[in-house]
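Top line first, the protein sequences correspond to chains X and V. Sequential numbering from 1 applies to the first sequence in my numbering. Sequential numbering from 1 applies to the second sequence in my numbering.
Some clues are possibly wrong.
Unchecked claim - Calculated cross-link-like contacts (lysine to any residue; reagent style SDA-like; alpha-carbon spacing at most 20 Å):
1) V:K212 to X:D84
2) V:K252 to V:I275
3) V:K210 to X:S38
To be verified - Coverage of chain X stretches by chain V, computed from C-beta distances (three or more under 8 Å per stretch; other residues unrestricted):
4) 83-95
5) 357-370
6) 435-448
Just so you know, the hints here were simulated from the structure itself, not pulled from any lab data. Just so we're clear, the structure is a prediction, and the values are computed from it rather than from any experiment. C-beta atoms are modelled at their ideal positions from N, C-alpha and C, and glycine is treated no differently.
Letter by letter, the chains look like this.
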Amino acid sequence: MKLKTFKIGGVHPHDNKLTAEKTTIAAPLPEKAYFLLSQHIGVPAKAVVKRGDKVKVGTLLAEAGGFVSAPIYSSVSGTVAKIDTVADASGYLRPAIIVDVEGDEWEENIDRSSKLEKLEDHPELTAEEIIQRVKNAGITGMGGAGFPTFIKLTPPPTAKAECVVINGVECEPYITADYRLMMEHTDEIMEGIKILMKAVNVSKAYIGIEANKQKAIDLFEMKAYIYPNIKIVGLKKRYPQGGEKQLVDACIRRQVPAPPAIPVDVGAIVQNVATVHAVYQAVMKNKPLLERYTTVTGKDIAEPKNYLVRIGTPISTLLEDCGGVPDKDVKILSGGPMMGRALASLETPVCKGTNAITVLSGAEAYREEETVCIRCGKCVSACPMGLEPYLLSALSEQIKPNLDRLEKEDITSCISCGCCQFTCPAHRPLLDVISIGKNKVMGAIRARNVKK
Amino acid sequence: MNFLLIAVIVLGLIGLISAVILFGASKKFAVKEDERLAKVQEVLPGANCGGCGFPGCSGFADACVKGADAGSIDGLLCSVGGNDCMVKVADILGMTATQVEKKVAVVRCNGTCEKRPQIAFYDGRQTCANINACGVGETGCGYGCLGCGDCVAVCTQDAITINTETGLPEVDEDKCGACGACTIACPRNIIEIRKRGVKDRRVWVSCVNKDKGPVAKNNCTAACIGCSLCVKECAFDAIEVKDNCSYIDAEKCRLCRKCVEVCPTKAIKTANFPIKIIDN
Chain X
1 MKLKTFKIGG
11 VHPHDNKLTA
21 EKTTIAAPLP
31 EKAYFLLSQH
41 IGVPAKAVVK
51 RGDKVKVGTL
61 LAEAGGFVSA
71 PIYSSVSGTV
81 AKIDTVADAS
91 GYLRPAIIVD
101 VEGDEWEENI
111 DRSSKLEKLE
121 DHPELTAEEI
131 IQRVKNAGIT
141 GMGGAGFPTF
151 IKLTPPPTAK
161 AECVVINGVE
171 CEPYITADYR
181 LMMEHTDEIM
191 EGIKILMKAV
201 NVSKAYIGIE
211 ANKQKAIDLF
221 EMKAYIYPNI
231 KIVGLKKRYP
241 QGGEKQLVDA
251 CIRRQVPAPP
261 AIPVDVGAIV
271 QNVATVHAVY
281 QAVMKNKPLL
291 ERYTTVTGKD
301 IAEPKNYLVR
311 IGTPISTLLE
321 DCGGVPDKDV
331 KILSGGPMMG
341 RALASLETPV
351 CKGTNAITVL
361 SGAEAYREEE
371 TVCIRCGKCV
381 SACPMGLEPY
391 LLSALSEQIK
401 PNLDRLEKED
411 ITSCISCGCC
421 QFTCPAHRPL
431 LDVISIGKNK
441 VMGAIRARNV
451 KK
Chain V
1 MNFLLIAVIV
11 LGLIGLISAV
21 ILFGASKKFA
31 VKEDERLAKV
41 QEVLPGANCG
51 GCGFPGCSGF
61 ADACVKGADA
71 GSIDGLLCSV
81 GGNDCMVKVA
91 DILGMTATQV
101 EKKVAVVRCN
111 GTCEKRPQIA
121 FYDGRQTCAN
131 INACGVGETG
141 CGYGCLGCGD
151 CVAVCTQDAI
161 TINTETGLPE
171 VDEDKCGACG
181 ACTIACPRNI
191 IEIRKRGVKD
201 RRVWVSCVNK
211 DKGPVAKNNC
221 TAACIGCSLC
231 VKECAFDAIE
241 VKDNCSYIDA
251 EKCRLCRKCV
261 EVCPTKAIKT
271 ANFPIKIIDN
């Protein structure tokens with residue numbers, strides 16, 4: 001099979017998939033679970049429980065706080081201890097519901113059997129019904145960004161969906177959660193894709209998988225004989241292929257224009273495999289989004305593992321189960337080494353979008369010393385969005401940045417993949433600086449739109 | 001006729017014609033500059049800090065002249081030059097300047113290195129904006145000073161310096177013109193422009209932490225814990241606790257300093273009061 005990839009930019013970080021062949025295990029239940037009210041992009045959820053309430057696994061804790069929002073369900077059974085604050089991945093304290101865990105009692109209406117439910121056997125599932133169930137289950141994009149999935153499934157009237165593109169790329173180094181999910185729940189994912197295709201009324205689906213997951217490609221190719229409309233696309237190993245714009249380019253050769261355009265403007269609806277699995281469980285098993293696949297990894301971790309972890313579990317619980325934090329200087333990231341956020345607190349809970357906990361240790365934990373830009377232009381050739389990172393960072397660094405100029409240079413197209421910073425021989429913190437500039441420009445654009 | 005003569009005549013003619021055109025153009029397109037503009041610019045400090053809201057001192061001078069033509073220069077203030085400067089400007093323009101209170105930048109964080117335990121290590125670009133974007137920073141306080149001196153970098157008056165011992169910025173009152181550039185540069189909005197007060201005496205809460213008391217105290221021993229003792233002590237209703245953090249209204253404060261004594265974390269600071277001599 002000829003391998004495809006996206007057209008411009010990209011880098012080749014070392015794989016380091018330490019946990020690729022480790023079967024997923026259920027993570028230990030924590031003593032206390034912390035449910036952040038804002039685990040998605042958009043308005044934070046509104047708590048519907050109060051202190052002292054008894055909750056079971058699958059009980060609604062917080063309802064959607066607005067249109068772009070998602071409800072949050074309890075992943076443990078026990079008593080609501082309080083509604084307080086807990087540090088999120090950035091270290092800032094955010095409102096959260098804290099539950100004292102007692103036993104493991106599930107809501108009765110959740111089907112916990114492993115029987116495969118086929119879409120053909122459920123004619124009652126119309127497109128509207130599917131989207132409603134996805135919405136009620138609180139499913140958000142599980143690749144990291146956390147955009148509520150039901151909104152993606154209801155494209156604006158100006159755009160017409162033509163195909164579903166499934167992201168099984170997992171291009172970040174170290175992370176293997178999606179790979180394990182694909183190996184262990186292939187049938188469910190296939191059914192999930194069919195559900196999504198029905199929800200958005202398309203007849204074509206593509207699954208993009210990178211070449212370093214050959215076993216997954218083979219497995220899906222085999223399954224695809226029974227699912228004729230689903231096509232497996234083998235992709236070359238290249239970062240950031242998991243970015244939705246890059247994936248659409250690689251799989252169906254269409255280029256998504258600059259924001260505010262989204263992939264559906266070129267006819268593609270992109271979903272992560274983990275999201276697809278969650279959609280299957282929500283629609284067929286009535287199981288809201290309450291657990292996810294997460295990799296805990298790092299070269300100095302005693303036993304790196306793939307976990308099926310309850311959302312809300314503090315990261316410290318997972319690290320202890322893996323043999324504890326190594327006795328070195330460490331940088332603990334929520335996410336992978338390319339896009340992950342360094343954590344300031346280990347009490348931070350696993351959220352809907354936490355695909356990995358990566359522990360970089362020793363010299364890897366530190367940044368290289370920054371020197372002056374040598375004008376080599378490597379960042380320009382690495383940028384998958386065709387931007388000029390050296391220019392954007394120089395403009396953003398100014399004391400009073402020229403926001404109009406930055407906007408004209410398309411800073412809002414930046415997907416924060418970090419290729420520029422990764423490739424820079426002078427180790428300049430290009431992405432850090434560009435992100436600040438991007439935030440300022442986005443703020444200015446929002447202010448302008450409000451005025452109108 | 002020799003070539004030399006021809007050249008002289010031709011060039012002379014070109015010169016003559018050009019001179020006539022230029023003369024005509026200079027008359028037709030002449031811009032009459034208001035002489036007051038230059039005079040006003042002369043009395044302005046020339047720091048181009050932008051604190052007035054106009055692009056540089058020339059922009060402000062222009063606004064003043066236009067204001068004078070429209071009949072009022074109220075609302076225009078050069079915060080760096082202060083009242084003296086505005087009186088001079090008003091004199092030039094034949095207006096009267098409204099007297100405004102002098103103000104000064106106040107740093108509202110007292111979390112020195114020893115009071116705020118370090119919980120993490122940051123080795124990226126050393127600017128406050130970068131640390132703030134990365135996360136909470138090296139200490140647990142998500143509201144406190146980051147100590148990299150973004151405020152120092154924007155100050156056109158050299159009025160702010162970072163004290164290397166405490167890691168906190170300090171404002172030189174004599175130099176500060178209260179232009180407000182530092183308040184914008186600070187990603188955590190710690191710096192506030194407050195009125196200088198009688199004899200430059202001020203009382204303010206040197207903390208902006210909105211976390212609940214125990215959390216705030218855990219992260220910084222000098223944090224305002226929102227205990228409201230100061231509110232109870234204040235006889236002038238000048239103090240308000242909002243979002244677990246106390247704030248003293250400079251307009252209502254009568255500088256009695258009772259709140260300073262009761263504050264359990266010593267988060268309330270004073271400036272320019274005579275030092276009390278305690279007799280034993």
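We went through each hint and held it up to the structure:
1. V:K212 to X:D84: Status holds; Cα separation ~9 Å.
2. V:K252 to V:I275: 23 Å, violated
3. V:K210 to X:S38: Roughly 19 Å between the alpha carbons, so the hint for K210 (chain V) and S38 (chain X) holds.
4. 83-95: holds (count 8)
5. 357-370: The restraint on the region 357-370 of chain X holds, since 3 of its residues have a Cβ under 8 Å from chain V and three suffice.
6. 435-448: holds (count 3)
When each numbered hint is compared with the structure, a violation occurs for hint 2 only.
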